[in-house]
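Q: Dock chain B against the given chain A, drawing on the hints supplied.
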Amino acid sequence: MTVTMEHEAINRQPAGSRDVKITARGVNVRYGETHAIKDVDVDILDRAVTSFIGPSGCGKSTFLRCLNRMNDTIPICRVTGEILLDGEDIYARSVDPALLRARVGMVFQKPNPFPKSVYDNVAYGPRIHGLVAGRGETDATVERALRRAGLWEEVKDRLHQPGTGLSGGQQQRLCIARAIATEPEVLLMDEPCSALDPIATARIEELIDELRENYTIIIVTHSMQQAARVSQRTAFFHLGVMVEYGETPKIFTNPDDKRTQDYITGRFG
Amino acid sequence: MGEHIVKSFDEQLVEIRAKISEMGGLAEELLSDSLKAVQERNTEIAESVIKRDKRLDALEMEVEELTTRVIALRQPMALDLRLVIAALKISATIERIGDLAKNIARRALHLSKTRTNSVTGSIVRMGRQVLGLLTEVLDAWGRRDVEAAVAVWRRDQEVDEAYNSLFREVITYMMEDAKMISIGSQLLFIAKNLERIGDHTTQVAEMIYYVEEGTPLGDDRPKGEPSGLELD
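Here the protein sequences line up with chains A and B, keeping their order. So the first sequence is numbered by my numbering: it starts at 1 and just counts up by one. So the second sequence is numbered by my numbering: it starts at 1 and just counts up by one.
Okay, chain A solo, but in the shape it has when bound (with noise of 0.2 Å):
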C-alpha cells in the first residue's frame, strides 16, 4: 500500500523530478471571432529548456506571449485561462505587466536594439526598474550580462557605440543582454536564430545551453533540429492545439500522436 503511494507520488512530478516554473491551465486566446489557443495545459520547468514547435499559425508564439502578458498590447485579443509563475496567477490585478515582462524577459526574432550604444541598450532596463544606482554598479550589471550573454569580450572597447553597429549575431547577443540584465527568471525566444548565420545560430544555441542553468527558457522555433538540440522539453502545437509535449528525444524518436510524426518527419506543411 505505502509502496503504490509513493510510486503514485512519483509519477505525479513531471520527468527527472524538477520544479515546475509556470504552470498554464486551459488557456484560450481568441483574437476578436479568431480562437488562437485552445485550452493548453502545460508545465514548463525551472532552469530547463522547453522548445514549442508547430506550423505557422499553430499558436505557438502566441501562446509564447500570453506567458508574459505580451498579448495585453493587442486590443482584440482575450486571453481566459490560468497561468501560474511560481504558484501565483500572472492575470492577477494586483501583477503590474511592466514588473512581470522584468521576471519574464523576451528576445524577439529579428535583433533589435535600440538605437542607442552597446552599454546603454543592457543598462536601460536596469536604469527603469530601479535595480541599479550610480555608475559603478550600472558598470557592473552591463559587464555581467554581456558576459553571460558571451559578448563581453568582442564589445568591450566599444560599448559606447551604437547597438546596430554590430553584426546580425552579435545584436540577437546584445538583445539576449538586454533581456537578462534585469535579472529575470524566465526567457523567452521568439525564433531568435532565424535571421542568424549557422556559425552565429551555434553560438546562440551554445549560449541557451550555458544560460539554462540559471534560467527557465522557452523557445519558439521553426527548426526541428534546434528543438532537438537545445532543448529538454518539446511541445507540438497545431491548430491551437497543444497536440504534444514532452521529453524531446522521445518526441523526434517516438512521438505518441500520429500529427506530431508527421510534422516532424516531412509529411505536412
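Keep in mind that a hint or two might mislead.
Which bits of chain B does chain A cover? Going by a derived footprint, with three or more residues having C-beta under 8 Å, they are [unchecked claim]:
{"hint": "1", "region": "5 to 12"}
{"hint": "2", "region": "77 to 90"}
DSS-like, lysine-lysine: derived pairs with alpha carbons at most 25 Å apart [said to hold, decoys possible]:
{"hint": "3", "chain 1": "A", "residue 1": "Lys258", "chain 2": "A", "residue 2": "Lys38"}
{"hint": "4", "chain 1": "A", "residue 1": "Lys250", "chain 2": "B", "residue 2": "Lys89"}
{"hint": "5", "chain 1": "B", "residue 1": "Lys19", "chain 2": "B", "residue 2": "Lys54"}
{"hint": "6", "chain 1": "B", "residue 1": "Lys19", "chain 2": "B", "residue 2": "Lys89"}
{"hint": "7", "chain 1": "A", "residue 1": "Lys156", "chain 2": "A", "residue 2": "Lys110"}
{"hint": "8", "chain 1": "B", "residue 1": "Lys7", "chain 2": "A", "residue 2": "Lys258"}
In short, the hints are calculated from the structure, not lab data. Predicted model only: the values in this text are computed from it and were never measured. Using N, Cα and C, we set each Cβ at its ideal position, and we do this for glycine too.
A: Structure of chain B alone, referenced to chain A:
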C-alpha cells in the same frame, strides 16, 4: 511510408528498404545453397556460395552509403529515423548471416571427401528450420508485419533446442568412433553457425519491431538451455 512533402526523400527510403530486401534474398540463397553443398557433398555449389558472399558485402556498403547520405541530407526524424537506423543494423546483420553461410560452405568443402551420414540429415533439417525463420523474418520486413516478426522472434527457441539435441547427437557419434572426430567437429561448427544465424534472425525481428513500434522488443526472449559438454 510515403507522403513526404519532398518526394525524393520517399524515393530514398524506398530504395533503402528494397536494398535490404535484396540483401535478404541473397542471404537466403547462400544459406539454402550451403545446406545443399553439405547434403550433397557438392564442392561446386560450396565454391559458388563463397564467391557470391562478396556481393552481399558490396550491398552492405551500398546500404551504409545510402543511410549515411539520408542522415546527412535529410535529418530524418521519428519513424524515418528509426527506419534508417534499423536498416543500417539489419544490413550488418544480414552480412553476418552471409558470412556464416560462407563458413558452412567452407566446412562443406572439408566434408566433400567424406561420406554422408545420419548426422548430416539432422544438420540439414536444422538448417531448413533456420532458413524457414529467415524467410519469414524477411517477409515480415517486406510487409512491415510486426506480428510475424514477433512470431519469428519467439520461435528461435526451437532452433536453440535443435542445436542442443544435435550437439548431443554429434558428441555421441564421436564417442562411438574416434575416427569420426574430424568429421564430427566440422559438423559441430556447421551446427553452431546455424544456431548463430538463428540468433541474427531474431535481431532482424527486433529491428522490425523497433521501426514500427518505436520501442525495443525487450529481452525476455525464450532461450533454449545452453548445452555444456556433459562428460559425466
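Q: Against this structure, judge whether each hint is valid.
A: Hints, one by one, checked against the model:
Only when three residues or more bring their CB closer than 8 Å to a CB of chain A does the claim for the region 5 to 12 of chain B stand; here the count is 3, and the claim holds. Look at the region 77 to 90 of chain B against chain A: 6 of its residues bring a Cβ nearer than 8 Å to a Cβ of that chain, three or more, so the hint holds. Taking the CA atoms of Lys258 of chain A and Lys38 of chain A, the gap is about 19 Å. The hint holds against a cut of 25 Å. A C-alpha spacing of about 21 Å is found between Lys250 of chain A and Lys89 of chain B, which places the hinted pair at or below 25 Å, so the restraint holds.
As the CA atoms of Lys19 of chain B and Lys54 of chain B are separated by approximately 15 Å, the hinted pair is consistent with the 25 Å bound. Between Lys19 of chain B and Lys89 of chain B, the direct Cα distance comes to roughly 13 Å. Compliance with the 25 Å bound is thereby established for this hinted pair. A hinted pair counts as satisfied when its Cα atoms are at most 25 Å apart, and Lys156 of chain A with Lys110 of chain A qualifies at roughly 23 Å. For the given pair, Lys7 of chain B sits about 20 Å from Lys258 of chain A by alpha-carbon distance, which is consistent with the 25 Å threshold.
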